[in-house]
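**Q** Each chain, written out:
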Amino acid sequence: MTAPKGFRTSAFGSGAYSSGAAAAPAVGDLLQAALALRSQGRFQDALDLLSGPGEFPADVYTLRGELLAELGQFTDAAGSYYTATVSAPGNLYARSHLASCLRRLGRWEEAVQAFQAVLHADPHRDPIRLELGDCLLRLNRLEQALSCFDQCWSDAAQRHALFGKGVVLQRLRRFDEAEMAYERVLALDGKAEEALANLIAMSMEVFDLERVWRYSRRLVEINPRSVPGLQGLTLVAVERGDMQTAARHFSTLAEQAPETLRPARDPREDGAAPDDIIEYRVSRKAMERLQEFMRGQAGQPPAQAAAQPAPRRY
Amino acid sequence: MDNSVTFDSSQEYEATFRFPVTWSYLTETPNQTHANPNRPNHSHLNQNQVAPATLPVIVPEKLPVQANVELSSDPAPAGLRGSGPEPKWEMVIPKMARPISSGTASRPAARPPREIEPAPQPSGAPAAPVVETPTEISFYAGSEASFLPRRWKVLSLSIAVVVVGGVIALVRPGAESTVTEAAPAAAGTWSRRTAYVVGSKDPREILVYSGSQDVKNYRIEFSWVPDSLGVGWIFRASDSANYYAAKLRLLQAGATPTLSAEHFAVVKGVESTHSRKVITLGRTDNLVLVRMDANGPAFTVSLQGSPADYWADERFEAGSLGFYADSGERPVLQSIRFTLFKKNGLQTVVTSLQ
Chain A
266 MTAPKGFRTS AFGSGAYSSG AAAAPAVGDL LQAALALRSQ GRFQDALDLL
316 SGPGEFPADV YTLRGELLAE LGQFTDAAGS YYTATVSAPG NLYARSHLAS
366 CLRRLGRWEE AVQAFQAVLH ADPHRDPIRL ELGDCLLRLN RLEQALSCFD
416 QCWSDAAQRH ALFGKGVVLQ RLRRFDEAEM AYERVLALDG KAEEALANLI
466 AMSMEVFDLE RVWRYSRRLV EINPRSVPGL QGLTLVAVER GDMQTAARHF
516 STLAEQAPET LRPARDPRED GAAPDDIIEY RVSRKAMERL QEFMRGQAGQ
566 PPAQAAAQPA PRRY
Chain B
28 MDNSVTFDSS QEYEATFRFP VTWSYLTETP NQTHANPNRP NHSHLNQNQV
78 APATLPVIVP EKLPVQANVE LSSDPAPAGL RGSGPEPKWE MVIPKMARPI
128 SSGTASRPAA RPPREIEPAP QPSGAPAAPV VETPTEISFY AGSEASFLPR
178 RWKVLSLSIA VVVVGGVIAL VRPGAESTVT EAAPAAAGTW SRRTAYVVGS
228 KDPREILVYS GSQDVKNYRI EFSWVPDSLG VGWIFRASDS ANYYAAKLRL
278 LQAGATPTLS AEHFAVVKGV ESTHSRKVIT LGRTDNLVLV RMDANGPAFT
328 VSLQGSPADY WADERFEAGS LGFYADSGER PVLQSIRFTL FKKNGLQTVV
378 TSLQ
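Residue numbers (our numbering), protein chains in the order written: chain A, 266 to 579; chain B, 28 to 381.
Bound conformation, chain A alone (with noise of 0.2 Å):
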């Protein structure tokens, strides 16, 4: 049997293990329990049984890695990792996986070094290509990532290649190609909020009624809390002067994200690029109107509120 890339073929068994001839079936039946503990689902225990003092094979600390990552300890999970590709330069999988953890940890300089390291080795791996391109996108190297992207080849990597182009090109501010490839994604994925959500955004940064209008009524077809596609609909309400649609969509929005209503924090605290953010201030003037209709729905419905034609359908 071959052994997989990035892994020799074992010797444990076969006394052939030159750290020491008697120290291999105890490496052995250590990684065996360990092994085993994982698959029951005890991280903890797997990770203990390895945290011992003594000289490991490479694939003792890409297990204890893998264990370290299944336990959030990201920090800790790189440094086995590392330990790993030190030892063991050839071994694709270790390396990764460090890839992964520093993305993880925002080490995105780092992780994309990682990354271009194993696509170099093994250039048709379009999962890492999507997270090289997701680090790439932290770094704001944009024409990269769109190339980065552009090279996804597989079926299976289509629709988020897609996405990912979106992203870039709409931070490019090629708004028409965006728009197409988030089209794309959603015809592939009739769910991908994220897709409508970025859509909105972009249709939010040329203040376009209409297209805000018709992607957040899509997206709160698709998920009916959602705040981006809330926010849409209630802003668009806002701007045409429906003031009880507004309210309406404003009140669910108010249960889903009540910091919506407080002062605008600093964008910097999602981890998004300040640029990025698309902001849209609810006038004192507007909110009071909404306050009023949503006091009068709550209770008595106010007089003018009464008299209100039929809502417009947003």
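Some clues are possibly wrong.
[Unchecked claim] To be clear about the criterion: a stretch of chain A counts as covered by chain B if any three or more of its residues have a C-beta under 8 Å from a C-beta of chain B, and this derived list gives those stretches: (1) 392–401; (2) 411–418; (3) 421–430; (4) 441–449; (5) 462–468; (6) 512–526.
[Stated by the list, open to error] List of simulated lysine to aspartate or glutamate pairs, EDC-like, C-alpha gap at most 20 Å: (7) Lys-456/A / Asp-420/A; (8) Lys-295/B / Asp-241/B; (9) Lys-369/B / Glu-248/B; (10) Lys-550/A / Glu-524/A; (11) Lys-550/A / Glu-41/B; (12) Lys-456/A / Glu-55/B.
[Unchecked claim] Not everything, but these chain B residues come out facing chain A in the computed CB check (under 8 Å): (13) Phe-44; (14) Phe-46; (15) Val-48; (16) Thr-49; (17) Ser-51; (18) Gly-281; (19) Ala-282; (20) Thr-283; (21) Gly-309; (22) Arg-310; (23) Ser-333; (24) Pro-334; (25) Ala-335.
Derived from the structure by calculation, the hints contain no laboratory data.
Predicted model, so just to flag it, every value in this text is computed and none were measured.
Glycine residues also receive a C-beta, built at the ideal position from the N, C-alpha and C atoms.
Given chain A, work out where chain B should sit, using these hints.
**A** The following block gives chain B in isolation, referenced to the frame of chain A:
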């Protein structure tokens, strides 16, 4: 109506809606990175590993992540073309309109197609820019005498071919050791053949480049103005009943058009099912650069310089190349170029279908 939102009448409220651009969708698929079959287990343990004496290890502040990555010699995971459902075409049985005597005798025995496996990246032979006016494929069937003006054209083209071939042979990486000089370009001609398809009113027109018989490996390049009717080409054709074929069609127009790429084989007059995939291109300016490399059993189609489809098929080892068209198809092509890897050297042919 939800009544849970209450307002303090003594306080003024502001509402701020924020619309960040996010991309968590990119990496949300569970374990997609971890789908690597190289999961460590007791049967995959390395030998000769030297590890630190104690655990845990601390990840350094700066990781030399680019150090010495070596590609294992093990085969890449299977399923390179993805596992998504692919539409299958109904089988059609084309009949030969007339027997082709030259190729039938040497028809290779049909062998079962091989499982798809990663094809090697095509060697990056630089493509010298050639400016041509768009030409429409014409399957006009005339006698050789009527090709007299074309011969003049071919003669002038062949001079250009010798120059371009020489440049490519000099510039191509590794060419020094394998190709001593560019083979003289033969003045190949186009010959039209017709194949009838059962159930179809119109026959399939096949246009074969006569200078490509018995060539095993070659590169076909052309620029195509995408349209819904598509462009089809054949390769490794021994006659009009035995060949491989591929086709591109425009599914959705736009700045980033969506194409379908399909390939199939016709063996002893029986057409196989079509393997089809959908490809979305990057930004294009109404012209798609198409390249197909036939290298042994591996075939690679590249669009705009990027690999778009790979497959492997061992049924036909050598044969002519050309184009085909079903009824009504008249694709607009530019910069048609064939690079034939012959035993005595590299031959590049720049031609048109007029």
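**Q** Does each hint hold? Answer for all of them.
**A** These are the hints, each one checked on the structure:
{"no.": "1", "hint": "392–401", "result": "holds (count 6)"}
{"no.": "2", "hint": "411–418", "result": "holds (count 4)"}
{"no.": "3", "hint": "421–430", "result": "holds (count 8)"}
{"no.": "4", "hint": "441–449", "result": "holds (count 5)"}
{"no.": "5", "hint": "462–468", "result": "holds (count 5)"}
{"no.": "6", "hint": "512–526", "result": "holds (count 8)"}
{"no.": "7", "hint": "Lys-456/A / Asp-420/A", "result": "holds (18 Å)"}
{"no.": "8", "hint": "Lys-295/B / Asp-241/B", "result": "holds (18 Å)"}
{"no.": "9", "hint": "Lys-369/B / Glu-248/B", "result": "holds (17 Å)"}
{"no.": "10", "hint": "Lys-550/A / Glu-524/A", "result": "holds (19 Å)"}
{"no.": "11", "hint": "Lys-550/A / Glu-41/B", "result": "holds (9 Å)"}
{"no.": "12", "hint": "Lys-456/A / Glu-55/B", "result": "holds (13 Å)"}
{"no.": "13", "hint": "Phe-44", "result": "holds (4 Å)"}
{"no.": "14", "hint": "Phe-46", "result": "holds (4 Å)"}
{"no.": "15", "hint": "Val-48", "result": "holds (4 Å)"}
{"no.": "16", "hint": "Thr-49", "result": "holds (6 Å)"}
{"no.": "17", "hint": "Ser-51", "result": "holds (6 Å)"}
{"no.": "18", "hint": "Gly-281", "result": "holds (5 Å)"}
{"no.": "19", "hint": "Ala-282", "result": "holds (5 Å)"}
{"no.": "20", "hint": "Thr-283", "result": "holds (6 Å)"}
{"no.": "21", "hint": "Gly-309", "result": "holds (5 Å)"}
{"no.": "22", "hint": "Arg-310", "result": "holds (6 Å)"}
{"no.": "23", "hint": "Ser-333", "result": "holds (6 Å)"}
{"no.": "24", "hint": "Pro-334", "result": "holds (6 Å)"}
{"no.": "25", "hint": "Ala-335", "result": "holds (6 Å)"}
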